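Please model the entire structure based on the sequences and the hints provided.
Heads up: the protein sequence lines correspond to chains C and E, in order.
Every letter in the first sequence is one number past the one before it in our numbering, and letter 47, counting from 1, is 48.
Every letter in the second sequence is one number past the one before it in our numbering, and letter 12, counting from 1, is 25.
Among the clues, some could well be false.
[To be verified] To give an idea of the interface, some chain E residues facing chain C are shown, with a C-beta separation under 7 Å as derived from the structure:
#1 154
#2 169
#3 186
#4 207
What the hints contain is simulated information worked out from the structure, not anything from laboratory work.
Quick caveat, the model's predicted, so the values are computed rather than measured.
Glycine included, each C-beta is placed from N, C-alpha and C at the ideal position.
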Amino acid sequence: MPALNGFLWLLVCWLAGELIVHFTGMPISSGVIGMLILCAALALRGGVPDSLAAAAQPLIALLAMLIMPGVTGVFFMIDQLAGQWAAIMTGLIVGTLLSVITTLWLLKRLMQDDHAE
Amino acid sequence: MLSESIIQRLTATPLFAVALTLAAYLIAMAVLKRIGSPPWLPAILLATLTLTGALALSGINYTTYQDGAKWLTVLLGPATVALGMPLYQQLPRIRQLWRPLAICLPVSASLAVVYALGIAWLMGASHEVINSLAAKSVTAPIAMGITRQLGGNVSLLLGALLVTGVAAIMFVSLVARLMGITDERLIGFALGVNGHALGTVRAFEIGSTAGAFASLGMSLTGIFTALLLPLAWRLVG
Numbered sequence: 002m003p004a005l006n007g008f009l010w011l012l013v014c015w016l017a018g019e020l021i022v023h024f025t026g027m028p029i030s031s032g033v034i035g036m037l038i039l040c041a042a043l044a045l046r047g048g049v050p051d052s053l054a055a056a057a058q059p060l061i062a063l064l065a066m067l068i069m070p071g072v073t074g075v076f077f078m079i080d081q082l083a084g085q086w087a088a089i090m091t092g093l094i095v096g097t098l099l100s101v102i103t104t105l106w107l108l109k110r111l112m113q114d115d116h117a118e
Numbered sequence: 014m015l016s017e018s019i020i021q022r023l024t025a026t027p028l029f030a031v032a033l034t035l036a037a038y039l040i041a042m043a044v045l046k047r048i049g050s051p052p053w054l055p056a057i058l059l060a061t062l063t064l065t066g067a068l069a070l071s072g073i074n075y076t077t078y079q080d081g082a083k084w085l086t087v088l089l090g091p092a093t094v095a096l097g098m099p100l101y102q103q104l105p106r107i108r109q110l111w112r113p114l115a116i117c118l119p120v121s122a123s124l125a126v127v128y129a130l131g132i133a134w135l136m137g138a139s140h141e142v143i144n145s146l147a148a149k150s151v152t153a154p155i156a157m158g159i160t161r162q163l164g165g166n167v168s169l170l171l172g173a174l175l176v177t178g179v180a181a182i183m184f185v186s187l188v189a190r191l192m193g194i195t196d197e198r199l200i201g202f203a204l205g206v207n208g209h210a211l212g213t214v215r216a217f218e219i220g221s222t223a224g225a226f227a228s229l230g231m232s233l234t235g236i237f238t239a240l241l242l243p244l245a246w247r248l249v250g
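Here it is in structure tokens:
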């Protein structure tokens, strides 16, 4: 089972992230630190070992399922957030429209400048 | 509604919650395959509605379910680490376009937070709601970590991610058309930065270049926000 080998590496990176968070007190989640450690390790090694790909790919494919229990919780909070839904939805929808316009406009300009040089 | 004794028997181990989650997920996937995956209905939304329906019908309360489902959610830790693999595979693209990306990403990722929170705050959202919405453009596993750091509610955050993802998919295609943008790299990057994993899935439907740039945008937004948002929160709060 090469996937087990790869899975152990993922766990080791995550645990290393936990230790770093514990000792430095940085307000960052250990998963993100583990992700950066993994990326750096792959860059140093110069390639993705098969065992790691065998563990990482199925986990990434299943991310949607892993967050389902959390998402379900929002449907049980509908009463708890009464009176705030208009603020939440407007913030999210109008906010996303504005940030989409910003990203596209800015990147279009920056890439034109880059090509012009 | 199931009787109390049956519920107690079934939920004595985490296996019932796991089975229920797997079943809802697989049913949603099968339905989506049938109806051809419309972009306004992400798999996670349909799967979650199915699961919520099953919980409501069987009369199992959410806390009991959530306890059992920890068996699955604990895998989010290693799954987040696993994202380091596609990130490594994106590195050549970062080198190729590092200058525009280095300017655009911090501006876009910060403004995405500022716009949404500014509007919600002006409309009177509570402190807890603001903390829960802050990571709304970040891919779920990273965003959950950020939200715990900020003291927000993870379920509300995940709901916010769904709304943001669907909105980003619609707005990117609309705004790109209005601005006359056809470059797949731009459209993909905008989908990843604003619409996290949902936007990235959509970008892969447009094409593999768009998909690659979307996953790049998604990873960079996740890292940037995870590193800076909790620090910014400490300074402001």
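The hints, checked one at a time:
no. : hint : verdict
1   : 154  : holds (6 Å)
2   : 169  : holds (6 Å)
3   : 186  : violated (10 Å)
4   : 207  : holds (5 Å)
The structure fails hint 3 only (numbered hints given earlier).
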